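Peer 1: Whenever a hint applies, use it, and build me the whole structure from the sequences.
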Amino acid sequence: MINPAKQELSEGIRLHLEGNLPEALACYSRALNCSPDNPEILLPIGAVLHDLDRYDEALAVYQRIMDLLPASAALYHNRGNTLLALDRFEEAIDSYARALALMPEDAEALVTMGTAFEQLGRYDAAMKCYEEALKRVPACAEAHWNLALALLRRGEYLRGWEEFGWRWQKKGYPTRWREFPAQMWDGRPLHGRTILIHAEQAFGDTIQFARYLPLVALRGGTVIVECPQPLAPLLETIQGVTQVVTAGTPLPHADFHLPLMSLPQLFATTPETIPDQTPYLFPPQERLHRWQARIGSDQRPRIGFVWAGRKSPDPHRSCRLSDLVPLANSANASIYSLQVGEGADQAANPPAGMDLIDLTGNISDFADTAALIAQLDLVISIDTAVAHLAAAMGKRTFILLPFAPDWRWMLGRNDSPWYPTVRLFRQTEPGDWQGVIGRVMEELKNVPAKGKIDGVETLES
1 MINPAKQELS EGIRLHLEGN LPEALACYSR ALNCSPDNPE ILLPIGAVLH
51 DLDRYDEALA VYQRIMDLLP ASAALYHNRG NTLLALDRFE EAIDSYARAL
101 ALMPEDAEAL VTMGTAFEQL GRYDAAMKCY EEALKRVPAC AEAHWNLALA
151 LLRRGEYLRG WEEFGWRWQK KGYPTRWREF PAQMWDGRPL HGRTILIHAE
201 QAFGDTIQFA RYLPLVALRG GTVIVECPQP LAPLLETIQG VTQVVTAGTP
251 LPHADFHLPL MSLPQLFATT PETIPDQTPY LFPPQERLHR WQARIGSDQR
301 PRIGFVWAGR KSPDPHRSCR LSDLVPLANS ANASIYSLQV GEGADQAANP
351 PAGMDLIDLT GNISDFADTA ALIAQLDLVI SIDTAVAHLA AAMGKRTFIL
401 LPFAPDWRWM LGRNDSPWYP TVRLFRQTEP GDWQGVIGRV MEELKNVPAK
451 GKIDGVETLE S
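Position 242 (the sequence shown) corresponds to 242 in UniProt numbering; numbering is contiguous.
None of these hints come from the bench; they were simulated from the model. All of these numbers come straight from a predicted model, not from anything done at the bench. Check the hints yourself; a few may be wrong.
Below, a list of computed lysine-lysine pairs in the DSS-like style, where the Cα atoms sit at most 25 Å apart [as the list claims (entries may be wrong)]: (1) K311 - K171; (2) K135 - K171; (3) K170 - K135; (4) K170 - K311; (5) K128 - K171; (6) K128 - K170.
Restraint-style ranges between C-beta atoms, simulated for each label pair [stated by the list, open to error]: (7) T242 - A85: 44 to 50 Å; (8) R176 - S35: 36 to 42 Å; (9) P174 - P250: 18 to 24 Å.
Even glycine gets a Cβ: it sits at the ideal position worked out from N, Cα and C.
Peer 2: See below:
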């Protein structure tokens, strides 16, 4: 005789694995109706609620299970994941520790525990978690990946780049591994042959690592770059790049290929040997003329604002436009929005006290953004692709960082070896944008009416 609860549970698990979360939840709920308070059904219900970002409901389900019977390693692990998503980091660490006490071989619990330690600024403890996970499961790609980022954040680049190679095995890595008929390049002289460098990860990563393309060209070959369409016109301006191909279109013949983010390891990059010559990106001339005409004559300094980024991969990096009102009031400057995508709707109704100029409706790709940035004297941005773009153009850029910043900004410094014109402003407490804004205001105190910003020549000089 068919057990309806087991049948619905089995179907729910299948749908859950396929990513059909609402239907999976419906199946689990029907299974629970057939078998109330069944922990085997409640646990996947909590997991699917977590995957639907319904974290408080997931936590309530996990508590319901704990009220029914002694908790399992899987329950503590899942509960830790939900507490981590709710920024309840100390509680998450405790939950992972309980999971590990019951299942010491759970390397994934160690990895996510390390992530929680990082969010608390406890980077040594995080490193120990990743290294311990690899002792237990040497091929754990997630542990290798997190260890890579931890090493890079600490400035241990050579070992970090080696671990970075595990990214292709990591679950959820945003770029899939691709096979090419061309040979993987090992850095040998090209002797006139053609190499295809293909972009990976996000826009900001491509902008940051595009600095290596002239070095590839110096090996004596033809350099072809494949990248997303919004970046294509911009990358065509890089010295040594012969051709740019938009991702998804047919690729020309190449003798060698390499993912873009493998170049730092190939060139044995350390913090002291980063190719930091800026600018290395330039707006196309026709876009530059177009934006010069749009902006016109403005006798005050011009500052561009970016306040938000996508929640993935970092939900803590964004602030709100209203957080920047004190900057707008103290700068004695014309304030331009550079915000596109998530958060751009805030520019439609700027907060009281902010006179915001929003021309972003004319932006179609990063070449337009670059042409607009070229008209500005300073860019103030959270950690986004626009911050990378401004810095890659050699523009004075203030980057506002969350308490646990991305690996590339390293630790304990207000400058960046990647970008000479960048100044970093870090949160000293999680979520404390007010303190960050206060320090930026100190930097802006001596901005004159026109001519220079903090010693940097502007377009009017």
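Peer 1: Of all the hints numbered above, which does this structure not satisfy? Sort the numbers upward.
Peer 2: Hints that this structure does not satisfy do not exist here, as all of them hold.
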